[in-house]
Every structure is written in C-alpha cells, then in structure tokens.
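*Asks:* One line per chain: the protein sequences are C and V, in this order. At position 134 of the first sequence (counting the first as 1) the number is 140 in this note's numbering, and the numbers step up by one without a gap. At position 231 of the second sequence (counting the first as 1) the number is 219 in this note's numbering, and the numbers step up by one without a gap.
Derived from the structure by calculation, the hints contain no laboratory data.
Calculated pairs, EDC-like style, for lysine to aspartate or glutamate (alpha carbon to alpha carbon, straight line, at most 20 Å):
id : chain 1 : residue 1 : chain 2 : residue 2
1  : V       : K131      : C       : D443
2  : V       : K65       : V       : E47
3  : C       : K369      : V       : E47
4  : C       : K175      : V       : E171
5  : V       : K386      : C       : E484
6  : C       : K380      : C       : E409
7  : C       : K10       : C       : E49
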Amino acid sequence: MSIKMPAPDQAVLDRRSTIVAALRAIVPGEGVIDSAAEMLPYESDGLMAYRQPPMVVVLPDTTEQVSKVLKYCFEQGIKVVPRGSGTSLSGGSLPLADAVLLGLGKFKRIREVDFDNRVVVTEPGVTNLAISQAVAHAGFYYAPDPSSQIACSIGGNVAENSGGVHCLKYGMTTNNVLGCEIVLMTGEILSIGGKTAESAGYDLMGVITGSEGLLGVIAEITVRILQKPETARALMVGFAEVEAAGECVAQIIGNGIIPGGMEMMDKPAIHAAEAFVHAGYPLDVEALLIIELDGPTVEVDELIKRVEKIAQGCGSTVCLISNSEAERNLFWAGRKAAFPAVGRISPDYLCMDGTIPRGALPKALARIRELSVKYGLQCANVFHAGDGNLHPLILYDANQPGEIERAEAFGADILRCCVELGGVLTGEHGVGIEKRDLMPEMFSDIDLNQQQRVKCAFDAQGLLNPGKVFPTLHRCAELGRMHVHAGKLAFPDLPRF
Amino acid sequence: MDTLKVRDAKDVEQAVRAAIANEQPLEIIGHGSKRMIGQPMATNALLDLSALNSVKSYEPNELIITVEAGAPLADVKSLIDSKNQRFAFEPMEAAPLLGAPAAGTIGGMIAAGLAGPRRIQAGAARDHLLGAQAVSGFGDSFKAGGRVVKNVTGYDLCKLLAGSWGTLAVMTEVTLKVMPRPESERTLVLRGLDDATANRAMTAALGSPYDVSGAAHVPRSVLRDAVGALGGLGSPRTALTLVRLEGITASAVDRAASLANLLSRFGTAETIEDERSVAIWECVRDVEPFAAKGALGAWPVWRIVCPPAAGSALGECLVRETGGDVLYDWGGGLIWTATPPKPDAQAALVRQRAAAAGGHATLLRAPEEVRRQVDVFQPASPGVRALSERVRQGFDPKAILNRGRMTRG
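Isolated chain C, as found in the complex (with noise of 0.2 Å):
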C-alpha cells in the first residue's frame, strides 16, 4: 500500500469493547457488528488494491441512531468513516483501523414520491437505479446514471457528486438534488434545501455534494426526477485516427447539438469489449464514437441525420445507426461492459478518471501511449468525449512484483498530463485515498488550506472520513489564525490604485 494513511490511536484501540458496547447500546440487535469475519465485506471498496479492516461496523437504521452514534464518537474523540454501497473508484469508504465505519445500509426506504413537484424524498441507502424504477410507470427517472447505479447508493452518489453516461445534457448529481438532511459530528441534525429549485442563504446542498463524507453524514435525500425522453437512438462512428474522432466530437459541439450521451473508446479498449459481448463493434477503426440522441422522434431523427453528416465530414470509416431498442442497447452493450471486459483480459487493472478540455483529447491520447511504452503496461481508454473525462484503464498483474507500484506511477502520471492540459484529476470518481496525494498538481497549499477551512465549519475536530481527499492534515486552530504576510498587514492606509 504506497498512501499513508493517519496512524491509528493505540488509546482508542485499547477501548475498543467499551467502544463495542457503548454501540451496542445505541444501536441494538445485529446493527453493530465486531467479528473479523463478519467484517470483512467492509474491508474495501471498490477501489480494491486497497483493505484495512475497520475498529467496529455500525448499521443504524433510524436518523436519531446516527445521530447518537456520531456524538458518542464526538465525545469520545473516535473516528469515523462513512459508507452507503462501497462502490467508491477512489476509497472513499476506506475503512481505519481505529475508527467506527458507519454504513447506511439500512436506509433502504423511500419516503415520498411526488409527482406534482417532480420530487423524489429518499433514504440514503437506496439505490440510485431503485429511484428511477419507483417513479417509472408515471413516466419519470432519476438522470444521472452512473455505471454502478444498480448497486451504488443515492447517499455515495451525494457525497461523490456521481456523473454518468448522460451527465453531459442533464447534469451531475449535484445539477439534480434539493435538499437533504445532515447529521454533522457531533451529532446536530440538519435540514438543507426541499422541494424548491433554490434554498435560502449560502449553498450548503451545493459543496456538501462531492465533499466525499468528510462534512457530515447524510441521512435524507430530495432529488429532482425528469420526465424519460419520448425516444433515444444512438450511432455507432468508427474513426482510422484518434484525431478524427476528436474532431467529429467538437463538431457536434460546436454545431449546437448536446448528445443525451458521446462516448469513445479507442483500440484496445474496442477489441476487449467485442470479444467480451460481441456487440458488433469494427475491430479495424482506432477510435470508436457512441453517440445516443434522445428526446422527440422528430429530433432525435433530424439530429442523427446531422450527426451522421459531421461523422461522414470528419472521414467515418464505419457509421451504423440503431434502428430499435435491441439495437440501441446493443451498441452500448460493448462500452458499458468495458471495464469487465478489460478484467477479462488482464488480471487486475486500474481505472483512472482525469478531466481534460475536450479539444486536448488527440495530445492527451498521445501522452498516454508514449507513457504505456514508458511504464511497459498496456493501456484502455473509454471516454465520456462530450465532457472530456477520461478513464483510462491501466492493465497490470499485481501477482508480478513491482506493477503495482508501476501501474500506479503512470496512472499519476495520466492525471497530472490532465491537469497540464488543463483539465482536472477527478472527472466524477472523486478524489479519496487514490488522488489524495496528486492535489498539490492542482492546487496550492492556500487552495487547498481554503478548502480545509470549510472542512473545519463542519467537523472542527477533523474526525470524520480522515484521510481522504487532503494530503496533509492541518489544525482548524492554525488554519483560522491570520497570518502576516512579510508585514504588509502593517499598512497605515487603504492602498490606492
């Protein structure tokens, strides 16, 4: 394991079955569970390079539980880590060895339905595709769709700020959640935002979306739901060269045409996909563009006939048209069973999710393929092209000493090509343990002290989800202080200018 995470407190550990028990008391029956054995789905996430089994599991089902179990650990100084599904990319539910991992597993109801606000009130717990199928025969779902939403739940998607195929045109979560209710550190409960587009005051809703479970554990959820667009179809664009495809993308843009999804996948990304669902896909293009227009017939079928003209403009070699549903779902079948379909020819594999302006995307792939030859391990690409997030899959054994470690390198090295380029480390798998090192790329220690100072109005002691996000942990007392800069506060006046 090459991130540090904090040492654990050997004070807290030797207390660990008063620990147990004061949970116990808070939550009774099969809620609190302390067995190595029994603990070992929490070890990890899905970012699974990573294990650490936690000090305890809670699983309270009622908010004034969490609320208990959070002032208890406040009291008593005890960490705390968060999960929903554990299905974080980036360990964000990582447990520590000396910390209460809190699971929402249990809040698994939904509690409102209305149709007329076009509002769904959810528990955290429940999943974000069980959303979208319990407002589906009015018609309606929940748009961001992020490709574990079968299991990931509503309550990581708030704390990741999750995206999806379709965020391009309808958003990330943070475009699509009203409110919810928030139990801080120590315990206080909160209600933010509800059933209006816009809550009073400063934007709580807003930055505690993607703050990773580092301000306070969500136990309530207000989501907007849309109406299903009448129609989708989708194409299917083979491209000779990476730069053609890149090309095709931008023009689409830049011709005022916002796909529901535009995806790419380049050569080997293609060939583990088709020999893995055998969707059809060209085996002999270098890039692979699928393009799904939604909304009413007749735009869907007037855009995929402008789509289709910019493809052919850009020299497609290779552009098929979904003429039913089976179709449609037939061409995405290859790209969403990518990241399986990479495990099938790989032992093991990473997946990076950089940010780069979409016009970078021919220099970054070229990046990308001189470092493949740098670190001597292959590489997959499948993007999100429309909004330029990349997810390079980097392929290794970990059963080969060093690749690991290799792999590794060169995906750090993928991330800061991103942020040279001009785009971002984290596109929608947030930063966790697996970026949390590469944030100086990005940001200075004054970025990064402003950011922990919000983490201070929230979780002054710093004991919730510590570890994650920021590289170095600093004091809310030392953040606070003002510092002189060289003694230029010592103006006797306002400057002019």
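Fit chain V to the given chain C structure using the hints.
*Replies:* For chain V alone, kept in the frame of chain C given last:
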C-alpha cells in the same frame, strides 16, 4: 467614503490585506446595479472591480468562457451571442426592477446567484460556474473549481461563492459554461386562467416529456394598467399563462402541437414564435410588471421560492392578505410579490405564509429604511444559521467583505 478601483487580483489582495490591518470593512461593487439588495452594510470603503473587465479566453467549441469579474454582463452576452451561444440559466437584468442605472457585471451576476425562467430546465448561476479565482477575507487569492465541465476534485467552493453576495470572497475571475442557442422557440399562451388552474396547467406541462424551458403565469390583476406590457401581449383584465419550448425548429413545432393538445383541457393555446416569444420571456425574466418605472415601482418586491405545485395557493393567499400583486415563474416555484408600502414590508406575514408552504422569501426591493428594520434574506434555522456563520468565518474571519449584507444585527 474611500473608493479603491483595483486593476488586478494583486490589487485586490493588497486592498483586502490593508483593510484587515485597519479593521476597515469593504463593500465590493462592480457596476453597483444590485447595491440596493441586502441589509444596509456596515462598511466604509468601496472595492470597485469594474476595471477588472477583460475576457481572458472564450472557446466556443469547449462551451466555456473565462472572464474577469468586472466584465459587463451585456458585453459578455453579446460576445457569446456572436457565436450563437448563451448563458442557459438566463440571468435576469436587475436594473429595471431596482431602478438602477447600470446593467451589472459578470461577478455581480454570480454573487447574486441569478437565475431566470429557464431555471426549471437549465439551473442557476451555481450550475454554470465551473471555476473561480477569488480573494478571501484572509487576503489570499485562491482557486475554486477548474476550467472543465466535469470536475469533482476537492470541495465545490464555486457553489458557495455563487449566491454569497460577496460575503465570502472577492471573485476576480470566473469560468462559466455557455450553451448553444437553440434554433427556434415557441411559446404557448393560454388566456384567462385563474391562478389555481394555471398552476395545474403548468404542472401538467412540466410533468410532460416535452422539455419545457419556461412556465409562467401573469394573473389578470397585474395587467390592469399595462395593455402594452409583456411584449405587447397583455390585454386588460385577462390573465396570461405562458409555456415555452426551445430546440431545433422541427422539434419545437412538434412539441408545441403536442403540448397544446395536452393543455386543451385548460383552454385553447395560441402559439407565438421566436422574436415575440423572446420578448415576452425577457419581460417575465426582468419582472416587468413590477418595474421601478411602472405603476408599482414604489412597492416593495419579494422574491419567494416555494415547491412549484404550492405556488398558486401561496400566491392567492399573499394577494388576499397583503393587498399586493403576484407574478408566477418556474411553474409556480417562484413568486414575485409586490406589496403595498409599509414600514416593515409586511415581512412577518410574507415569511410566515412562505414558510408554511415550504418556501422562503427574500425582500429584493425596498427602501433602505425598510431594509434596516427587516431581514432581507430568509432567516435560517438556528443550526443552519450557525453552520453558515462558521463557513463564512472560514473565508472571512474579520468580516471584512460586505459585512452584514446577508444577516441583520
């Protein structure tokens, strides 16, 4: 009062550091178009950002623009318009409502968290602010967000900056998402609906798959003196319910027909197109019936956000109990309310009714003496208020920036 006209971010840092040293709070202004919104401030110097007005980069194919905070909104809008793009969140021009002389800056637009009729489809300023450079009340320039549309790296400080009315940091540069301007727009107009029926019609429209980008209702009382109002669409004593569709022409036409059919149980819809449609939505966006120069120009104006389906019940109640007038946007989720002048702008009544409906109210327009008496922004619950104050202190512990603008006392 001192005025500090800054030239760049370094100047802003220096001005804020000096202000910290002198414990001299600063009022941050661009054009000053929204200066009269908020509690009267305890500041004694102006930090004027209007000279920070350049466009740093504009990449139409990337759908992003980076501008300095003092750039005039009107100039930036015409620049992106020249590439057939726009800010999808449809920021209002506050000047006509407030009677302010200038049109406002990009920084002011973000700080005020503006959102127009298209909020129901495209969100608000918060949803389109991708990144910012800002100077905190520590006197330090920091970066929030990035310059790409998809980014979850670190806390989303942009969300806090949008709508913070300059109380957290001085934004010096912002990166915004722009969107393509659609080919066509169509607005369905239903005449003569009462508020409750209009609310139901808008709910039906917004619950349809036709991708509605505007849903507003102008009750008949609002149009009493304004025959020529609302882009020439108004007629005396006839309420107007407006539903907008945008997109490629074939699609807008097709959806307008389908939606007219869906709404036929509420009334017969006429369809207006393109320029006329644009004109009427500008009137809704800028709340023309309550304009400072109009008949109700001297009345206080409340901006009330509530669950959309609760809109008409709340609006009717406010009209009845305050003797005021209302205008509905966002399918009922936004109620502009003008109330007859009173020393307290009937704050207790408005807030109580709004809260009972699950909403909240901002006193957007009122004379200074009224704003001294009344909470301009909805007071939060004690816990949220305390948390918000801790967040504010994390940016500006000495309360140097726009001290007291968002909270009274």
